[in-house]
Amino acid sequence: MIKKEILSAIASLVWFCSPALYAQYVVDTSVSINKIYGVNTVDQTYKVDGYLVTSWDEPDPTYRPASGERVYENHHADQLMNDGLWVPAFEFINIIGQRQTANRRVVISADGRVTYNERFQGLFTTTMDFRQFPFDYQTFVLMMEPFSYEQKQLVFGTARINIEALENQALSEWQMQGKPQARVSRSDYAHLQSGILSHFSRLTISIQALRKPDYYLWRFILPLSLILVASWAVFWIEGFSERLMTSFTMMLTVVAYTFYTSSLLPRLPYTTLIERMVIMGYVSIFAAIIVIVFVKIRDEKGRPVEYVIPRCRVIFPALFLIAMSVLIGVNGGL
Amino acid sequence: MIKKEILSAIASLVWFCSPALYAQYVVDTSVSINKIYGVNTVDQTYKVDGYLVTSWDEPDPTYRPASGERVYENHHADQLMNDGLWVPAFEFINIIGQRQTANRRVVISADGRVTYNERFQGLFTTTMDFRQFPFDYQTFVLMMEPFSYEQKQLVFGTARINIEALENQALSEWQMQGKPQARVSRSDYAHLQSGILSHFSRLTISIQALRKPDYYLWRFILPLSLILVASWAVFWIEGFSERLMTSFTMMLTVVAYTFYTSSLLPRLPYTTLIERMVIMGYVSIFAAIIVIVFVKIRDEKGRPVEYVIPRCRVIFPALFLIAMSVLIGVNGGL
Amino acid sequence: MIKKEILSAIASLVWFCSPALYAQYVVDTSVSINKIYGVNTVDQTYKVDGYLVTSWDEPDPTYRPASGERVYENHHADQLMNDGLWVPAFEFINIIGQRQTANRRVVISADGRVTYNERFQGLFTTTMDFRQFPFDYQTFVLMMEPFSYEQKQLVFGTARINIEALENQALSEWQMQGKPQARVSRSDYAHLQSGILSHFSRLTISIQALRKPDYYLWRFILPLSLILVASWAVFWIEGFSERLMTSFTMMLTVVAYTFYTSSLLPRLPYTTLIERMVIMGYVSIFAAIIVIVFVKIRDEKGRPVEYVIPRCRVIFPALFLIAMSVLIGVNGGL
Amino acid sequence: MIKKEILSAIASLVWFCSPALYAQYVVDTSVSINKIYGVNTVDQTYKVDGYLVTSWDEPDPTYRPASGERVYENHHADQLMNDGLWVPAFEFINIIGQRQTANRRVVISADGRVTYNERFQGLFTTTMDFRQFPFDYQTFVLMMEPFSYEQKQLVFGTARINIEALENQALSEWQMQGKPQARVSRSDYAHLQSGILSHFSRLTISIQALRKPDYYLWRFILPLSLILVASWAVFWIEGFSERLMTSFTMMLTVVAYTFYTSSLLPRLPYTTLIERMVIMGYVSIFAAIIVIVFVKIRDEKGRPVEYVIPRCRVIFPALFLIAMSVLIGVNGGL
Amino acid sequence: MIKKEILSAIASLVWFCSPALYAQYVVDTSVSINKIYGVNTVDQTYKVDGYLVTSWDEPDPTYRPASGERVYENHHADQLMNDGLWVPAFEFINIIGQRQTANRRVVISADGRVTYNERFQGLFTTTMDFRQFPFDYQTFVLMMEPFSYEQKQLVFGTARINIEALENQALSEWQMQGKPQARVSRSDYAHLQSGILSHFSRLTISIQALRKPDYYLWRFILPLSLILVASWAVFWIEGFSERLMTSFTMMLTVVAYTFYTSSLLPRLPYTTLIERMVIMGYVSIFAAIIVIVFVKIRDEKGRPVEYVIPRCRVIFPALFLIAMSVLIGVNGGL
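Chains as they are written, first to last, in this note's numbering: chain E, 1 to 334; chain S, 335 to 668; chain D, 669 to 1002; chain G, 1003 to 1336; chain L, 1337 to 1670.
FYI, nobody ran anything at the bench for these hints, they're computed from the structure. Keep in mind that this is a model prediction, so the values were computed, not measured.
List time: in silico DMTMM-like cross-link candidates among lysine to aspartate or glutamate, alpha-carbon distance up to 25 Å:
| # | chain 1 | residue 1 | chain 2 | residue 2 |
| --- | --- | --- | --- | --- |
| 1 | E | K296 | G | E1244 |
| 2 | G | K1049 | S | D463 |
| 3 | S | K630 | G | E1240 |
| 4 | E | K212 | D | D711 |
| 5 | G | K1298 | L | D1635 |
Over 12 Å on every C-beta distance to chain E, these chain S residues come out as not near it, computed from the model:
| # | residue |
| --- | --- |
| 6 | G446 |
| 7 | T459 |
| 8 | T461 |
| 9 | T605 |
| 10 | M614 |
| 11 | G636 |
| 12 | I662 |
All residues carry an ideal CB built from backbone N, CA and C; glycine is no exception.
Produce the entire structure from the sequences given, and follow the hints as far as they go.
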């Protein structure tokens, strides 16, 4: 006798957990972002530290306090959810791994409003377009969906996004552009039931940010440009061997820059602005070597074209300026 | 008295967990892959983020809802499984470490259909063949088996595989080839019982992808080719010392490329296409040094062979073109 | 009957967990820091290992011992908190990830004083200003707030901070400046309820430390200065080609220092002192190349200005000293 | 009354856990290795992914099924073990960190045979001897012992080891030598009780594998040899300065190889074969510099020994061949 | 009624956990170290894998077996400790993060002796003095204290330390010096109660080890010395430009060694022996450049001091030998 009762008591605890979802829950969300950090251009990821606040009206009065509101922290909140308070699981669609939640809390007010609140940290991913790197801007995105409940059961209501005012914006590589946006949409999946599409409510938060290119200007573009300009000195040098060896040294240096850009960016199937500059660099020096050898050959065959070299003193800088303009123009046009 | 009853109540909970498997369960699976990322050619691994959906008919009516279907998320699903709902453990054969399951869910419908669903992320491994690198294609594989139940108890039924339409396919290094495939087979083990083979049902998902070689063309093959071409300038230089020192510089540069390829690929017991190019490079420059020293020796001994050098101006480029053709031809033939 | 009683017994355990917070709790804190280590200038993070001690008066006499004090360690402390002893959750605002707590303890004395004590280790972040690097000082900050309870419910009282006397201060890169400070303030949030601001009590601990620049002086500034001084030797060299090639070698070396600084510091949108030195270095060598080519051009055109070179033997060192003075003066002025 | 009964019921669950070990348990083991991977020569570690199967006769009939066998997976197996089924803890002696067990299972048959089975992944360590590197072979070892039960209580019986047939053995750096071995021995410890030795049964699995040296031949030994051979060209160069500068360049290159080997191997208190080659390389070039300067000094003092240089054209290659033979001979002799 | 009884039964389980500590517990310890590995000189950390055995007399007879001894492994040991067996928490003072305990065990004998035993692995830190690097010795330290119980409640009794005989001591970088020591002392803290000092018993284990410098001799000091010696060849070279360019090349090489030492050691506020060698190296080459330019200037002004160069052929080696002797003498004196 008593055995059965205890068993059914335990079982009834389990049955609580899945309330009959007669009506659609409307979940209001508010995301407050403390920090976007660890932007990794090679892996195309970024870390987000923030607070997620979700709230809805719970028709079931079981857990309502008599008055005011009651706060359940961490393990107490888990206990309450295990006992049967309905709190849906949310998942970030574009997360890598799991989010960490250092603290979480459930607040229930006497009028049946349930608020679930957590501080989360997670590694997120988005497709980044580096074609204009380092003059690019990127959109940091967080996409959230309920894990189990379809749109007819759970729909996102009002959505607010809030970025903490950063104290020292001047010291960061990224500058936020415009206001962050929170958008509620619907996404459809076909993977659960063969024939039927499932519809889920989706919350998309997007923050647009512009990269400050100062770092790359001072540490990359300026020295590379100086090296390119210095490489033209080869046209004033006398002597074939001296010309060639200087050109070789310059070329190897510029090629070394290729390796440097490898550590900045992922293995992209396209070239970035900064790489087009490097390629332009070594192709230009290679052209100089071709010119030098060509002059030498003609010279040996007794048909000197020594006048070619002085002309190059003008042609190479001119071509460089044109190429740079095109690069920047193409950039502007995109 | 009461002690015994409580004990047996708790014990009976335990006994539930292993239903007498009279009939064979047929498990239908559907794998939906969000993202294959972090392809690491050095470790021959890749990360997979996806959803695993498995479903079967449960003859035991204990946990069926009266009508419709009931959803159990995360801890509620764990409770249900601990209480006795049969959900088999699956393992990925070719996983490294454990898979992470941020969310999981059990759905039971009134007609006895049980659906287990999880979002998983894991690091998988497969043997990759890099002999044509960077013009290679690879097959990303996921192999799944039930951990405990042999084929007579559990067999995979229909298997579906679904890849999320990637928004910006143009920005990724890999291009999917054909349709992904899901195949059910049988694998045999002898490690449990000495004499007897165990038969397990195995689900194999394979996705073939082609590497886009642009990155390696622009950042590796083009500069390496230019350096090789530039190295032939040595045959126009006058003077033994100048020739030698220029050759040495070029040779050291090409050798430096050896180190660079080390960071791209694992320590393979065979050479890749890109490494064959590098080896061809420094062997060709070494040959030039041999020629230069040979000419010098003959010259010192009073038997000048100075005509050798001009001939090399033709021979070396010709040999290079032939070697390249062979390399590419061999590639095509494989 | 018995089922209800057991259920309500279990439920009453749950209800205990959120005491009616009629009065404001005053929480006294004491933070004792063992070690600040792993200062990572690239990520702008540092690890802190310390003890957190918080204590308050608990009006509810349920858990008080009859006399003396009772100690609950680790799992026993967790049990007590799960059973209903009120211990608020604290969070570090500027932490990355979660803090690890190897051991924790609750002490309750007969007069109702509750002390919660933990050893924690965490990775913290703060905005660092590297403009004077490596002659900079940084402030290591820990900001702590209660996770759920607003100021009207929980306020920080006295706050003590204590740094373990380090045995071998001479062997560390950082030297503590002045006394560490603990400050209690109030911070306001608007993200929970739409219209209403929440007020939380905040404890801020700040420790100021000066970097010892010896490492950078010996391994960076001294060799860089020697290379710069050595580069002036180019004005004594005879011959245009020799001058140019020497300058090129020096310039490439100084540019290589750019790469080295990349591994020391994050991608900052401003230049640090040490980078301004490097930039000054390669710009100065580039200027020398310009002068050398200019002299050559005038020479070719028959208007020799060979007297420019000897003058540079004085001008370059003089400009270098002025630039260094300005750099240091600007530093002092900041 | 009832309180006592419940308490003693709970307590009796605890008492079950440590069966009176009157007789010695004989544990048969079978280890099946899926993959040995991540061989890290710098840390002297390797990762092992495999299945561990242990089985023994349990005299206590409490948990036996009426007929056939019963399978308990993961949490159900844990519950059973917590309730009192005796399953000893095993530890790997040479593991780094803990092993991960993605899935585990207990099978109990009607005749009292208990089988515990887990899939494990772990990082293992062994002392590696690199004196013949890269022509070395290593022995990958797994040592397992029961954690608590001494030999009189638990002894390993039959031990089987099984390596999965690798599909593409040709693509791996290591080649298995002979058959893997499983050996049961006894190990003695004195650290528990002061005066008395404890005896534990130990299972040692060892797999011998030969490194395929192809990678190091093509990417290291071939280019290094070519550079050494090319360095002899210095004896054909005319002019003291040219000779010296060429030698310097070669020497610096060979020294650079020292840095490269640092990334391959740990900081060993002995030299490996590959390092002896490098040391031989730079010492040989240093000797060439000494010869060149010596000839120059004698020349200045009016006692020319210019005949030394041509002789070196023979002596250096000859010494190199002898040194190589000795190196390989010593290798063979070890 | 029954509700109260159950509640008080559960509560009484909790009360057990903190026995009235009338008498002082004397805890005997024995630490057995398997392996000290992963010595990281940059982070000044090392990993320790070992067994910790602690034992004491428990006056409370509740958990004693009737005869012999009873073994509780892992979860069974946890259950026992949760139920009320007093096992104090220990913490390592100088640990980084938490220790991992793969297995743990409690043994209780009929005479009331309780033995707690665990295998632990942890990352430890100590201040290392690298001033004599690579001829330094270091002391690996483990400091352990009870987390909660002061000296009047818990004091360490006999302490034994045991290092596993390493099979292949010859293959390791470190050589143990003398016998490891275990020392019990008292440490005082003021951070818990404002005015009153707490006294804790502390166990300090220290193992002294000498670094074998072979690795650094062959891969660092020998090539660096050869380069320095080779750099004196500059005093035999004819021609100002050749002298300068050779000196520049050598100087840049030695400066490159600065970068190499950065990867070996942390950013220390003092110079190590190996760095003083490098600094001596580039300062010496810089001095040579100064001499060369000085001679050139005097030469141009018509006051040749060409005799300076031959003298340098003696002065530089002599100064080098003196500096080396001083370095080694200072080393010996420290």
